[in-house]
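2 protein chains.
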Amino acid sequence: MSKKKQPEELSELGEFGLIDQIASKTKLFHPETKLGIGDDAAIIQTKEAQQLVCSTDLLIEGTHFNLMYMPLKHLGYKAIVVNLSDIYAMNALASQVTVSIAVSNRFSLQAIEELYKGIHLACERYKVDLVGGDTSSSPSGLCISVTAIGFANSEKITQRTGAKHNDLICVTGDLGAAYMGLQVLEREKEVFQQNSQIQPDLASYAYIVERQLKPEAQKQLIEFFDQQNIQPTSMIDVSDGLASELFHICKASNCGVQIYEEKIPIDQQTHSTALEMNLSPTMCALNGGEDYELLFTINQKDFETLKDQKNIHIIGHITEAEAGKNLVTPNETVVPLQAQGFKHFNT
Amino acid sequence: MSKKKQPEELSELGEFGLIDQIASKTKLFHPETKLGIGDDAAIIQTKEAQQLVCSTDLLIEGTHFNLMYMPLKHLGYKAIVVNLSDIYAMNALASQVTVSIAVSNRFSLQAIEELYKGIHLACERYKVDLVGGDTSSSPSGLCISVTAIGFANSEKITQRTGAKHNDLICVTGDLGAAYMGLQVLEREKEVFQQNSQIQPDLASYAYIVERQLKPEAQKQLIEFFDQQNIQPTSMIDVSDGLASELFHICKASNCGVQIYEEKIPIDQQTHSTALEMNLSPTMCALNGGEDYELLFTINQKDFETLKDQKNIHIIGHITEAEAGKNLVTPNETVVPLQAQGFKHFNT
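Residue numbers (this note's numbering), protein chains in the order written: chain A, 15 to 361; chain B, 15 to 361.
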């Protein structure tokens, strides 16, 4: 009996063949996922007293990622993680995702498999079910759209709106690393473009490069809140830079903020690389973006529970709106915060 | 006091400005939508005993639409409708959508507003809430991703899997029109490209062109099933052509089909335009795609309730899998069905 030849090209496998192949490699973790890939829509069981949260992102080659230094497996992983981050930012746990991709014919079947390896790895790591999507061709470039779904009891869901005067402002992890990782990758890309014999040496930038290429979402914070019975008063994920996210909380909660420069968590590698590139580490943390840490506010009564958590940093407090949005420098100077944030449409 | 200047460029308005503008023009119809645009994720109240259905599509300029003849308002409308069609195909009602767009800098703010006019119009027409999304730039072309969410009692949700021997095969509306509309638009585009003085005369193709540019989804069928207490045994929307959808039902339900060529509903304009272009009207209906009609199977006991419905056509019946997938021609010849369907990756 002749062995069936494995298709090596997307055009040979076809859209339905590709969907079957993706579905066969997809594990489901939630009994609530009643139907995943393969029908007109996925079916998910809802639970009484829970609300659904839903978020979506579109990642475009040339705008959000550069395949010269972004391996496809990492890209797939990151595409999932950045969406889960939005669900966690609502104090909900993510349970399902849909992924749509459009690829130009310069992508081989193997390339698409690499992308889905990363997608499946993130789904496994965060225990979310890939339940659907869409695959098609694109005239140029790669385009990925992810929608994430999560559930939480309605009283736990946290918006940007609840920050109150004197609440503590906290952030997980460290900031500015992903941005500095991007600067290093861009620099090495230019060196490589000028002389392809020079291989990039990224060993001494391993942490910041990984933060750019393979970020993680802060699921453990949501689990911690649940275990400790802490209800944050407001929360947002740090995707566009700390300053921009603080502005969002101030606008939504009608408040001001005072944060302390020396309290902003910055990794040593971020710090030294910023100085090496003549950048201010604080500015990188404030405006860098893509950290996917969680920024949240809590009532002061929760201080005792939080204060010894290594991964949580208290960086300031909420003020009255009239007091403005301020950064206190180490020499006690008060500087108004500037939000540069995300400027996709500025060319 | 000086009047605030209205921004005319996307780069002037910025991403957050654009989101605010979209949000201000968005009406919500469902009390279950607890939070729409403006936070990390939307919040939707779920109901006991209901299941969530969720579907997503990615539309890419140059693959799924051509802006030479697709007005942006129509495109926005169609992007919503094609997703709602997937939700209706589960015998559920759609209630929320998210929309993400990526646009190159050749698009003006006015162009984006036109696109959202169509999106808002479809949301109003079908009573669905636009609850979130993402906006960014793209190095080239326009890219739209829509995710639709709907709810239904779990016992009503209809998959592709339940078709049984002797069930009747039904389809709404008429088939092949959107495909013929596309052929006319492509022909006129070529004429126009050769001589831009020649303006297209589409008056005698109005119906089929509208079916291509501004399709509608079959919400009223889902309402009819509910009112008449009819439970279809399987259902799918006709996006890739009748033959391809029948193949999906046969595969999922492990059955065969026998359909009758003369029963396939084809509009007179589709018929005459196909002949004008030396195409077989039946082939256009079988393989054309983009009809967004609903194809479903019912138990014969429901025949009496359905038979006088003008918009519903009984085109054949389900057979044992071994009998195959067959088309009976008007002269009683039995021809095996071929599914050409959707060949996005075939170049």
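None of these hints come from the bench; they were simulated from the model.
It cannot be assumed that every hint is accurate.
Identical copies carry no separate label here, and so any pair may be met within one copy or between two of them.
Said to hold, decoys possible - Below, computed lysine to any residue pairings styled on SDA-like, alpha-carbon distance capped at 25 angstroms:
| hint | residue 1 | residue 2 |
| --- | --- | --- |
| 1 | Lys39 | Ala266 |
| 2 | Lys48 | Leu107 |
| 3 | Lys61 | Pro279 |
| 4 | Lys170 | Gly52 |
| 5 | Lys339 | Gly187 |
| 6 | Lys61 | Pro45 |
| 7 | Lys61 | Asn167 |
| 8 | Lys265 | Ile244 |
| 9 | Lys178 | Lys277 |
| 10 | Lys277 | Thr319 |
| 11 | Lys265 | Gly31 |
| 12 | Lys41 | Leu351 |
| 13 | Lys61 | Leu49 |
| 14 | Lys339 | Glu26 |
Computed from a predicted structure; not experimentally measured.
Hints versus structure:
| no. | hint | verdict |
| --- | --- | --- |
| 1 | Lys39 x Ala266 | between (42 angstroms within a copy, 19 angstroms between copies) |
| 2 | Lys48 x Leu107 | both (18 angstroms within a copy, 18 angstroms between copies) |
| 3 | Lys61 x Pro279 | neither (38 angstroms within a copy, 42 angstroms between copies) |
| 4 | Lys170 x Gly52 | between (33 angstroms within a copy, 18 angstroms between copies) |
| 5 | Lys339 x Gly187 | within (22 angstroms within a copy, 59 angstroms between copies) |
| 6 | Lys61 x Pro45 | both (12 angstroms within a copy, 18 angstroms between copies) |
| 7 | Lys61 x Asn167 | both (9 angstroms within a copy, 13 angstroms between copies) |
| 8 | Lys265 x Ile244 | within (23 angstroms within a copy, 50 angstroms between copies) |
| 9 | Lys178 x Lys277 | within (20 angstroms within a copy, 67 angstroms between copies) |
| 10 | Lys277 x Thr319 | within (18 angstroms within a copy, 71 angstroms between copies) |
| 11 | Lys265 x Gly31 | between (48 angstroms within a copy, 13 angstroms between copies) |
| 12 | Lys41 x Leu351 | neither (45 angstroms within a copy, 34 angstroms between copies) |
| 13 | Lys61 x Leu49 | both (16 angstroms within a copy, 19 angstroms between copies) |
| 14 | Lys339 x Glu26 | between (57 angstroms within a copy, 23 angstroms between copies) |
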